[in-house]
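> What follows is each chain in one-letter form.
Number of protein chains: 2
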Amino acid sequence: IVFSMAVFKRCYKQWLWFMVLFMSFSVIYVDAVWPMPQMISSSMARYTLNPREFIFQYSSGSSAQPGCSLLDSAFERYYPLIFTDYRADKLSVCSGQAALRAETVWGALRGLESFSQLVYQDDFGEYFVNETEIEDFPRFQFRGILLDTSRHYLPLHAILKTLDAMSYNKFNVFHWHIVDDPSFPYQSSTFPDLSSKGAFHPLTHVYTQIDVKRVIAHARLRGIRVLAEFDSPGHTQSWGKGQPGLLTPCYKGTVPSGTFGPVNPANSSSYQFMTRLFKEVTSVFPDSYVHLGGDEVDFTCWKSNPDVRGFMLKMGFGTDYTKLESYYMEKLGLNKTAIVWQDVFDYHEKIPVDTVLHIWKGSPGQIQQELSSITLAGYRVILAAPWYINHIDYGQDWEKYYTIQPLNFTGTEQQKTLVIGGEVCMWGEYVDATNLSPRLWPRASAAGERLWSDEKMTSSVIDAFPRLVDFRCRLLRYRVMLI
Amino acid sequence: IVFSMAVFKRCYKQWLWFMVLFMSFSVIYVDAVWPMPQMISSSMARYTLNPREFIFQYSSGSSAQPGCSLLDSAFERYYPLIFTDYRADKLSVCSGQAALRAETVWGALRGLESFSQLVYQDDFGEYFVNETEIEDFPRFQFRGILLDTSRHYLPLHAILKTLDAMSYNKFNVFHWHIVDDPSFPYQSSTFPDLSSKGAFHPLTHVYTQIDVKRVIAHARLRGIRVLAEFDSPGHTQSWGKGQPGLLTPCYKGTVPSGTFGPVNPANSSSYQFMTRLFKEVTSVFPDSYVHLGGDEVDFTCWKSNPDVRGFMLKMGFGTDYTKLESYYMEKLGLNKTAIVWQDVFDYHEKIPVDTVLHIWKGSPGQIQQELSSITLAGYRVILAAPWYINHIDYGQDWEKYYTIQPLNFTGTEQQKTLVIGGEVCMWGEYVDATNLSPRLWPRASAAGERLWSDEKMTSSVIDAFPRLVDFRCRLLRYRVMLI
Numbered sequence: 001i002v003f004s005m006a007v008f009k010r011c012y013k014q015w016l017w018f019m020v021l022f023m024s025f026s027v028i029y030v031d032a033v034w035p036m037p038q039m040i041s042s043s044m045a046r047y048t049l050n051p052r053e054f055i056f057q058y059s060s061g062s063s064a065q066p067g068c069s070l071l072d073s074a075f076e077r078y079y080p081l082i083f084t085d086y087r088a089d090k091l092s093v094c095s096g097q098a099a100l101r102a103e104t105v106w107g108a109l110r111g112l113e114s115f116s117q118l119v120y121q122d123d124f125g126e127y128f129v130n131e132t133e134i135e136d137f138p139r140f141q142f143r144g145i146l147l148d149t150s151r152h153y154l155p156l157h158a159i160l161k162t163l164d165a166m167s168y169n170k171f172n173v174f175h176w177h178i179v180d181d182p183s184f185p186y187q188s189s190t191f192p193d194l195s196s197k198g199a200f201h202p203l204t205h206v207y208t209q210i211d212v213k214r215v216i217a218h219a220r221l222r223g224i225r226v227l228a229e230f231d232s233p234g235h236t237q238s239w240g241k242g243q244p245g246l247l248t249p250c251y252k253g254t255v256p257s258g259t260f261g262p263v264n265p266a267n268s269s270s271y272q273f274m275t276r277l278f279k280e281v282t283s284v285f286p287d288s289y290v291h292l293g294g295d296e297v298d299f300t301c302w303k304s305n306p307d308v309r310g311f312m313l314k315m316g317f318g319t320d321y322t323k324l325e326s327y328y329m330e331k332l333g334l335n336k337t338a339i340v341w342q343d344v345f346d347y348h349e350k351i352p353v354d355t356v357l358h359i360w361k362g363s364p365g366q367i368q369q370e371l372s373s374i375t376l377a378g379y380r381v382i383l384a385a386p387w388y389i390n391h392i393d394y395g396q397d398w399e400k401y402y403t404i405q406p407l408n409f410t411g412t413e414q415q416k417t418l419v420i421g422g423e424v425c426m427w428g429e430y431v432d433a434t435n436l437s438p439r440l441w442p443r444a445s446a447a448g449e450r451l452w453s454d455e456k457m458t459s460s461v462i463d464a465f466p467r468l469v470d471f472r473c474r475l476l477r478y479r480v481m482l483i
Numbered sequence: 001i002v003f004s005m006a007v008f009k010r011c012y013k014q015w016l017w018f019m020v021l022f023m024s025f026s027v028i029y030v031d032a033v034w035p036m037p038q039m040i041s042s043s044m045a046r047y048t049l050n051p052r053e054f055i056f057q058y059s060s061g062s063s064a065q066p067g068c069s070l071l072d073s074a075f076e077r078y079y080p081l082i083f084t085d086y087r088a089d090k091l092s093v094c095s096g097q098a099a100l101r102a103e104t105v106w107g108a109l110r111g112l113e114s115f116s117q118l119v120y121q122d123d124f125g126e127y128f129v130n131e132t133e134i135e136d137f138p139r140f141q142f143r144g145i146l147l148d149t150s151r152h153y154l155p156l157h158a159i160l161k162t163l164d165a166m167s168y169n170k171f172n173v174f175h176w177h178i179v180d181d182p183s184f185p186y187q188s189s190t191f192p193d194l195s196s197k198g199a200f201h202p203l204t205h206v207y208t209q210i211d212v213k214r215v216i217a218h219a220r221l222r223g224i225r226v227l228a229e230f231d232s233p234g235h236t237q238s239w240g241k242g243q244p245g246l247l248t249p250c251y252k253g254t255v256p257s258g259t260f261g262p263v264n265p266a267n268s269s270s271y272q273f274m275t276r277l278f279k280e281v282t283s284v285f286p287d288s289y290v291h292l293g294g295d296e297v298d299f300t301c302w303k304s305n306p307d308v309r310g311f312m313l314k315m316g317f318g319t320d321y322t323k324l325e326s327y328y329m330e331k332l333g334l335n336k337t338a339i340v341w342q343d344v345f346d347y348h349e350k351i352p353v354d355t356v357l358h359i360w361k362g363s364p365g366q367i368q369q370e371l372s373s374i375t376l377a378g379y380r381v382i383l384a385a386p387w388y389i390n391h392i393d394y395g396q397d398w399e400k401y402y403t404i405q406p407l408n409f410t411g412t413e414q415q416k417t418l419v420i421g422g423e424v425c426m427w428g429e430y431v432d433a434t435n436l437s438p439r440l441w442p443r444a445s446a447a448g449e450r451l452w453s454d455e456k457m458t459s460s461v462i463d464a465f466p467r468l469v470d471f472r473c474r475l476l477r478y479r480v481m482l483i
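Protein chains in written order, with UniProt numbering: chain V, 1 to 483; chain C, 1 to 483.
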């Protein structure tokens with residue numbers, strides 16, 4: 001068995017090899033890999049794996065060697081996953097080897113996952129792997145899952161378990177929608193009041209700096225980037241509790257109504273606050289991207305406020321409040337690449353060319369139109385709208401997530417290359433740790449294959465079904481679905 | 001605080017008392033009980049409970065005394081539920097007592113549950129109970145939950161945990177839909193092949209006699225009856241695997257097609273088999289009721305089979321296959337009271353007067369009509385149709401379970417008394433241990449209150465909502481929802 005794996009990401013320009021020792025044996029069963037590799041061919045030749053003799057080994061020519069903590073720890077994780085119920089009672093017969101060749105350590109992680117899925121047990125508990133050759137790479141470079149920790153707090157273990165499951169599905173971006181209107185669980189070192197006053201509970205329902213570091217480290221070891229979102233100027237009700245003066249006071253006639261709207265774009269103190277907050281955030285979350293939100297800004301409150309109206313006049317925005325939102329978003333400028341929700345494109349004129357637009361709404365036709373428009377304007381785009389997986393129906397609905405065709409829109413080949421990937425969104429209105437996992441898996445796996453695999457090779461729902469059933473059992477064994 | 005509790009069930013004609021010691025203190029907060037008691041009045045007078053001094057005690061006049069294993073074990077269960085995070089670090093201040101008076105041990109269990117729900121903690125971890133008087137009894141005597149262990153196997157711990165949650169909701173019947181078409185997990189001592197050939201796995205996906213005993217014992221300690229269903233003559237595909245000759249061979253023209261239909265009603269061996277099986281079943285499941293199923297019999301296969309057609313001729317049934325099903329159901333006669341699905345009423349003429357009909361289908365109008373017809377014919381009825389809780393939608397749907405009015409149909413007062421209760425059904429097409437709990441709770445709690453409480457006192461969804469939210473938190477603390 002030889003894995004040879006080429007991966008697009010270019011974090012490390014090097015070649016890695018490692019090997020597994022196993023034993024030749026008889027012939028029967030071929031298992032599948034989810035998501036489907038770009039090329040897989042296997043024979044009925046079956047080799048027995050002896051858990052007692054099985055080792056992961058760096059080959060002598062590999063640029064990674066023992067001490068590469070990322071792969072060392074991956075080997076430690078995968079051994080018990082591959083030999084789930086091994087009780088040290090098997091004997092070796094003979095031995096062979098498998099090779100995995102990857103351009104980057106991240107690719108090596110994906111290959112390791114594929115290898116683990118090739119191993120299966122017979123009724124007597126013996127482990128087998130068929131002679132197999134795989135060449136693989138992802139179709140899209142951005143394969144994300146969004147968790148919303150504001151509408152319901154998710155304990156750390158629920159996030160870590162989701163990261164585990166993501167890695168088995170070859171997702172590579174954890175989009176952490178960490179704060180929103182209902183609560184502000186991120187414990188900021190610069191502005192501790194944001195969570196002490198804005199979280200559901202100041203001690204139990206927060207993410208400390210240590211928690212965040214743990215999530216990032218856990219994700220990194222599994223080849224997952226952590227994309228933090230601090231959505232503004234809307235969706236910030238909880239921010240106002242710990243940062244008085246940040247939000248726009250809404251007016252009823254000539255007097256303040258006592259309620260608050262989006263961040264006040266007329267105060268220079270708002271920008272000073274945001275700059276300091278994002279200085280911290282971009283340092284705590286080391287990814288080169290940051291998500292700035294920018295969706296669903298309700299202009300009613302801004303319109304009611306005399307200071308905001310005065311600011312509009314002064315800036316020459318007339319009565320076009322989209323110009324005000326545009327102004328606000330521009331002032332957030334950071335030294336990172338921004339991802340924003342599609343609203344920012346729909347309303348605004350000036351957006352930095354490297355900004356990534358995130359499509360979250362519309363009918364299938366509107367989504368196609370949005371894909372065309374954004375890519376025609378030269379911006380990169382992430383598609384989330386078809387994968388709002390928090391929505392549920394009775395029965396099997398994975399098919400609708402599976403049959404999405406992200407590149408099915410009017411545009412040039414060049415435009416199509418601007419679709420960098422897609423994202424499964426698990427909004428938290430009705431989701432907490434009690435129902436997250438069964439709602440997410442294996443439904444998100446359908447999107448996982450769509451984002452990784454060749455579309456033509458995975459066009460049949462009927463062919464996918466038994467493979468998905470099999471993969472679900474694997475997720476059960478890997479203990480990422482609650483039992 | 002005095003609980004005085006009268007319960008309809010007449011298993012024991014006696015009075016029980018026991019007491020709790022506690023400490024008088026200050027005034028603030030009143031917690032609610034779910035489902036709503038028939039009468040509850042409480043004051044703002046608040047007493048501190050000292051976990052170190054708190055004891056359950058039988059009063060000297062009680063007919064139950066130490067050694068009553070049912071209540072002794074209930075005391076042991078409820079102490080850690082009431083004092084969830086007690087770490088033996090509290091001091092006593094003074095003491096008082098609460099009394100619970102119940103006609104039966106089962107009533108005492110319900111009262112104990114209500115008492116546990118009155119206890120709450122303040123921010124400093126101190127336990128309180130307000131001065132409260134409750135008089136309570138259930139509106140309906142049959143308050144059931146159906147679990148389907150055939151379409152997906154449910155491991156024992158999932159069943160036991162459901163029983164725990166049922167007791168917190170004051171449900172009192174576990175309807176165990178133990179076998180069906182997909183699998184036969186019940187390990188019969190008389191016919192071991194039924195599970196060794198008909199279960200999903202002969203060793204891991206079965207319920208042994210010991211498992212069944214454990215379920216029954218666990219349920220009994222929580223005041224829950226176990227109603228076993230062995231559904232026939234339809235829904236028996238899995239039975240055929242371990243009992244060749246039991247099912248009707250379907251014909252295509254003049255030759256057997258290789259597929260099988262319902263139990264073969266033309267063979268005397270079928271009745272001999274059923275008699276022997278039910279002899280075992282009625283002994284293993286000691287409840288005085290047994291569920292015989294009788295739903296959704298597809299006559300196509302019977303019609304295709306020449307032997308069945310010959311039998312119809314011989315019996316003078318003409319072409320009316322409902323007469324054949326009727327004949328079959330009658331021949332099952334047992335020394336227990338039968339519960340059957342409504343189909344048996346819809347199709348049949350002769351049904352023993354003590355049979356209970358189980359309504360599972362139809363539009364709201366059809367359900368009302370069915371309630372009228374069945375009770376007019378003098379039969380007792382259980383309402384399940386509005387509570388098919390395996391069906392899910394996005395968002396809050398507990399309201400529709402809550403606002404069901406089981407007695408809202410045309411009929412005399414006498415007819416209304418024949419509605420003995422209702423049942424929440426969790427069919428297993430898409431349900432296994434990974435999603436059972438979050439799908440069941442707190443949605444089934446809405447039905448729980450409908451079946452226990454006074455309808456007028458619990459008519460408002462708006463009033464119920466904060467109480468249900470609070471009760472859900474309690475279920476989380478009691479660890480019956482997976483976290």
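FYI, nobody ran anything at the bench for these hints, they're computed from the structure. Misleading hints may appear alongside valid ones.
In this list, chains with the same sequence are indistinguishable; a pair is considered to hold if it fits within one copy or across any two.
In the SDA-like style, the derived pairs of lysine to any residue whose C-alpha atoms are separated by at most 20 Å in a straight line are [unchecked claim]:
hint, residue 1, residue 2
1, 197, 122
2, 361, 395
3, 279, 379
4, 197, 155
> State for each hint whether it applies.
Status of the hints after comparison with the structure:
{"no.": "1", "hint": "197 <-> 122", "verdict": "between (56 Å within a copy, 19 Å between copies)"}
{"no.": "2", "hint": "361 <-> 395", "verdict": "between (24 Å within a copy, 18 Å between copies)"}
{"no.": "3", "hint": "279 <-> 379", "verdict": "neither (25 Å within a copy, 73 Å between copies)"}
{"no.": "4", "hint": "197 <-> 155", "verdict": "within (19 Å within a copy, 43 Å between copies)"}
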